[in-house]
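S.K.: Now for the letters of each chain:
Protein chains: 4
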Amino acid sequence: MTKQLRIAVVGAGYWGPNLARNFSNSPDWELMAICDLDKSRAERLAQQVGGVRVVTDLAELLASDDIDAIAVATPARTHHGIALAALAAGKHVMVEKPLADTGERGRTMVDTAVAEGLVLMADHTYCYTPAVLKIRELVQEGALGDILFIDSVRINLGLIQPDVDVFWDLAPHDLSIIDFVLPGGLKPTTVSAHGADPLGAGKSCVGYLVLPLANGAMAHVHVNWLSPTKIRQMVIGGTKRTLVWDDLNPQQRLSVYDRGVDLGLQALDGVERNAATVSYRLGDTWSPALPEREALGGMAAEFAASIREKRSPRTDGAAGLRVLSVLEAASRSLEGGGSAAAVSSGAELVGELR
Amino acid sequence: MTKQLRIAVVGAGYWGPNLARNFSNSPDWELMAICDLDKSRAERLAQQVGGVRVVTDLAELLASDDIDAIAVATPARTHHGIALAALAAGKHVMVEKPLADTGERGRTMVDTAVAEGLVLMADHTYCYTPAVLKIRELVQEGALGDILFIDSVRINLGLIQPDVDVFWDLAPHDLSIIDFVLPGGLKPTTVSAHGADPLGAGKSCVGYLVLPLANGAMAHVHVNWLSPTKIRQMVIGGTKRTLVWDDLNPQQRLSVYDRGVDLGLQALDGVERNAATVSYRLGDTWSPALPEREALGGMAAEFAASIREKRSPRTDGAAGLRVLSVLEAASRSLEGGGSAAAVSSGAELVGELR
Amino acid sequence: MTKQLRIAVVGAGYWGPNLARNFSNSPDWELMAICDLDKSRAERLAQQVGGVRVVTDLAELLASDDIDAIAVATPARTHHGIALAALAAGKHVMVEKPLADTGERGRTMVDTAVAEGLVLMADHTYCYTPAVLKIRELVQEGALGDILFIDSVRINLGLIQPDVDVFWDLAPHDLSIIDFVLPGGLKPTTVSAHGADPLGAGKSCVGYLVLPLANGAMAHVHVNWLSPTKIRQMVIGGTKRTLVWDDLNPQQRLSVYDRGVDLGLQALDGVERNAATVSYRLGDTWSPALPEREALGGMAAEFAASIREKRSPRTDGAAGLRVLSVLEAASRSLEGGGSAAAVSSGAELVGELR
Amino acid sequence: MTKQLRIAVVGAGYWGPNLARNFSNSPDWELMAICDLDKSRAERLAQQVGGVRVVTDLAELLASDDIDAIAVATPARTHHGIALAALAAGKHVMVEKPLADTGERGRTMVDTAVAEGLVLMADHTYCYTPAVLKIRELVQEGALGDILFIDSVRINLGLIQPDVDVFWDLAPHDLSIIDFVLPGGLKPTTVSAHGADPLGAGKSCVGYLVLPLANGAMAHVHVNWLSPTKIRQMVIGGTKRTLVWDDLNPQQRLSVYDRGVDLGLQALDGVERNAATVSYRLGDTWSPALPEREALGGMAAEFAASIREKRSPRTDGAAGLRVLSVLEAASRSLEGGGSAAAVSSGAELVGELR
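Those protein sequence lines, which keep their order, are chains A, B, C and D.
Using our numbering, the first residue of the first sequence is number 98, and each one after it goes up by one.
Using our numbering, the first residue of the second sequence is number 98, and each one after it goes up by one.
Using our numbering, the first residue of the third sequence is number 98, and each one after it goes up by one.
Using our numbering, the first residue of the fourth sequence is number 98, and each one after it goes up by one.
Do not rely on the hints blindly, as some may be mistaken.
[As the list claims (entries may be wrong)] Calculated lysine-lysine pairs in the DSSO-like style (CA-CA distance at most 27 angstroms, straight line):
hint	chain 1	residue 1	chain 2	residue 2
1	C	Lys327	D	Lys327
2	A	Lys407	A	Lys231
3	C	Lys337	A	Lys231
4	B	Lys231	A	Lys327
5	A	Lys327	D	Lys327
6	D	Lys231	B	Lys337
7	C	Lys327	A	Lys337
8	B	Lys231	C	Lys327
9	D	Lys327	B	Lys327
10	D	Lys231	C	Lys327
11	B	Lys136	B	Lys100
12	A	Lys100	A	Lys407
13	A	Lys327	A	Lys231
14	C	Lys337	D	Lys327
15	C	Lys231	D	Lys136
Worth flagging that the hints you see were computed from the coordinates, not collected in a lab.
Computed from a predicted model, the values in this text were never measured in an experiment.
Construct the complete structure from the given sequences, taking the supplied hints into account.
M.R.: Rendered as structure tokens:
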């Protein structure tokens, strides 16, 4: 068997324990240390995963020769500093979503990783669930045909976050998934965002995102902290088939409908395109079996594989940057009363590096 | 028993037969005639409802002394002409949605009816379903508290209409319901509309509407002709409770959740409003029993009652005009790439007449 | 086009109007008359279907030369007399379920029809729904493999019938469907019935039927008038696949699961058969598209076709007799405290005539 | 705070780890040791719960002075020997379901515990879930009125157990729950069991139990290892209200329907009891909020409380014996082809001790 890579987890708060447990169980990785400014918190976590080393000083951690990579689960505003220091120290880096607190900083992180020849990976956990892997496969092999629309709903009675609004809290999931399944990634030219703060919380608690896609298609995301019912559903409509992902229905998470509207292509005197020949397909529905696999295990394996094979991981820094650019544009749109805001072209430039 | 009012149905196409059958069965009404330019179509319908008189000339119909009112189920662009002629002839008028093809014409219809002292009613059928009547009751008695958000979804594999887009086809239902249940009616200052035409049908087949409501609340409507699954669901979130209406679940159409987020009102040094004290309620759910009653029967009764009592019907011309103003603004927003479009103030002026 | 067959409907109560409307609309049939002892009831129905002849005397009806067949929708105890008279008069007969009030009488009806060379058809309406036709096709082409178990649930808050218990009221549906889809029809050797009358209604309001099938398989039927929730679901488990029919889910009535348990067939020292090698399949789920077709139309077509082709209809008198024999045995089992009661062999004898 | 009680877990196989983890986390208990014949298995478990003592010899364990109670998670056939030895050593005992492998042995265990003045508790875990605790409360406070019927379904694609059939594997859950919620516990005079072994596994893989309850009511249990869909649902119908427990619907586990059938009580000439006046209630539905609490924690607390308060626990040995008696009678009924088998009166005798 290949020699294990060695990793440390930076940040022992909410998400860090999941990363630590997961790297600890991975055949590809040896978990070496937990790093947190709060020593007792780091010690508690270190004990839970078999008594690994505890470090409170990042510089000390990065100076260690026995560490190949770090996984960062600290607040977004610290990602940039930690990642740059780690890259400078020759460590590969995985960063919790969002990649950074600004697109510019995210851009620097991506550029630096490329320059150093190190892997920068975005922790887009959902992308490694069996359902999303299957969706990506179906979309990319053309089973749905051309994409017509994507409608994603992620609503719940959720914690009102002290530092971010509902867009930055929940939409990274939807955006990273859409980025992952679309053949070229998520590259809208503009974003329109509409948010409501009816409780006076000082930030949007209900939010809607509109993203024009290629060829007249559109993606729409609904995120909501105030819904008494929990819905996590994404519909991807295509010219051939339409897919519905209902993540809260374990008995039938994915349904592929062979239903749709067909428009004839011949014009009628060149005037009304398509209007003459509308027809409907009402075919079978198919629900593929999905393996029971934990997403974090797949993500750890992909991080290791990308390092060994010296390639970009499936959810690389550029993917994180594309998501970040959309979130930034959404915030600008929100300030502008919902008018379409241009998405920074940085995303496209980075995309070309792939 | 009160003497029956006498009505004629104008238009024997798709919706006319429903109106005819319904007025024919109503204890309040005597159905006198069917009027349609297509004589054989009118005759077929007349026979189905017991052999009433057939008229092909509107002027002839309106000249009849034995008719108190007409119900109009013709294309939207003809509503204005028919209604004005009928009002001039002293007949009360009910008009299928939308009220007219432009807000200005709708406004004239409303003004004329007021001037003539006649009833002009909008055929907002959904408002007379037991579910919507119950929602209105709950909202207006304060059971939900202040409204925080309204999210309405009406999607289906639907017929692509030759003359209208998905907004004008489906959203009148959502808008008329929201208008009906909100205490002051639907009076957003602006509307943002986002539509997609990914099939090249020449009009939006997928659409989203954003309507800012009072006090920072927001209504959102999703209409879609391309969805393989049928959803008709409206969520109304309030400070006290949240209501979910799932119209396709006959076993539990309405659910009232005693769940929500409470923000404390005391400011923390005046800096972060509400941030200090967030709490959650996770109370019981309650699903009120609903009578089995056909909506059209209730609408016919309300039309008769409003005429007899010389008052505005629950869904009067002004309600129809408010819905129409939103649709017009939505079309303008769509042309403007989704930027917020002002809703004509005509709606408010008319609202004051109530 | 073939000349239409001519039919009269006998019985204008609850079910008769459905039959009358349906034969009236069928291209295969001309509806000639409505026959009921209650003249005004017959007249009301006759008018609704276009003003056909009204007869109150059965003998007079049967003496008519212009009638080829009758459809009987009268109480079960009258089926025997009416059918024998009609067969004697040379008329083909369709009878509402159950075929008769006793197996012996049903047997005579079947024998007489055979002797006279006339069609006797059981009105097993459910068998002509698109869902059941598809289930029959799947079972009979072997898509499910060998049948392992059938579990049928038909519960609701239902009317407590004055004359019959819940078994005779509801179970004919389940039994006729099982009879229809199983390759050889429903021929259990015994039936066990368990009923409860917790309200003191004088008859079972909750009931369970157990029917041993070939090769160790078992069918089970749950019928219930006291359930606040409505369920109409049948599961048919097979060695290859398992089918679930949820009749109240119009969006996915049929689901075929490629899941199951496989037992290896090699014995372990001849001692524990199959125990050594258990494995599980967790394959895809498939939901076939079903056409929107009314069941009664298909039944009328089949009645006409069987007469023209001088063959047994798909749901012939023998099928009705098999269902009746199970119901009779169920009543005996109920009297015997739930002990297994033998099912009359008459059913098998008749079955051989097919 | 009260001094903690000290417990050892006997059996480190499938269920033992759950018990160990749970007692280890309980404020009422100190987990002292893990006992298993397989030393390495015991050591693995001991390490996971903080490094407690490992014992392979039961006698050695029971000789320890520092142990107040044991929790037994070994195969059913060993329960009797272990429990008697523990009771003889003065230890309180909790036993995994079923209580024992025969009713006689279970009876001895119960009698011995009573004689020794020690607590014998049945590990009926489901009874300590928030849903079942709420059901018990509702039934016992009379919210449902008199019980009319209970219908329980527990089906799944399940492991075919090597040593027990589907009744002994799954039905203890349903039976212990019914025993828990009914005011006097589960005391049917007879049981009828119907099982199918269509795969030739040598035991029933599909099973149905019929249990007559007081006043003409009936309980029915459907257990099934071969169902591709997972259902865990119990309906409890009462004269006032009906409760539906859908354990796989976390958003609405319990629904209480204010619907039902009312029969007037006045006889009609003494002939047809109740027949004259049937009426229906179609009232509201109510879904009580349930706390998120782990069942095993509640069970550990109850075990401790019963020891401290020198009283029977809520799920005492007598409850375990009642469930065991029904299972034994079910096996006898199965051998007798489904005929009703008498339930051993031992259950009632023991019940009187409560």
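S.K.: Please work out if D:Lys231 and C:Lys327 have their alpha carbons no farther apart than 27 angstroms.
M.R.: Holds - the C-alpha atoms of C:Lys327 and D:Lys231 are around 24 angstroms apart, at most 27 angstroms.
S.K.: Within 27 angstroms, alpha carbon to alpha carbon, are C:Lys327 and D:Lys327?
M.R.: Since the Cα atoms of C:Lys327 and D:Lys327 sit roughly 19 angstroms apart, the hinted pair holds (cutoff 27 angstroms).
S.K.: Please verify whether D:Lys327 and B:Lys327 have alpha carbons no more than 27 angstroms apart.
M.R.: OK: D:Lys327 and B:Lys327 at ~25 angstroms, within 27 angstroms.
S.K.: Taking only the CA atoms, is the gap from C:Lys231 to D:Lys136 under or equal to 27 angstroms?
M.R.: violated, 57 angstroms
S.K.: Sort out whether A:Lys327 lies within 27 angstroms of B:Lys231, counting only the CA atoms.
M.R.: Roughly 24 angstroms separates the two Cα atoms, so the pair holds.
S.K.: Quick one, are A:Lys407 and A:Lys231 close enough, alpha carbons at most 27 angstroms?
M.R.: holds, 25 angstroms
S.K.: With a cut-off of 27 angstroms on the C-alpha distance, tell me whether B:Lys136 and B:Lys100 pass.
M.R.: violated, 30 angstroms
S.K.: Do the alpha carbons of D:Lys231 and B:Lys337 lie within 27 angstroms of each other, as the hint requires?
M.R.: Judged against 27 angstroms, a Cα distance of about 25 angstroms means the pair holds.
S.K.: Would the hint linking A:Lys100 and A:Lys407 be met if the CA-CA limit is 27 angstroms?
M.R.: holds, 16 angstroms
S.K.: Has the given pair, A:Lys327 with D:Lys327, been kept, meaning a C-alpha gap of at most 27 angstroms?
M.R.: Roughly 21 angstroms between the alpha carbons, so the hint for A:Lys327 and D:Lys327 holds.
S.K.: Hint check: C:Lys337 vs A:Lys231, CA-CA at most 27 angstroms. Holds or violated?
M.R.: holds, 25 angstroms
S.K.: Tell me if the straight-line CA distance from B:Lys231 to C:Lys327 falls inside 27 angstroms.
M.R.: Status holds; Cα separation ~23 angstroms.
In summary, the numbered hints that this structure violates are 7, 11, 15.
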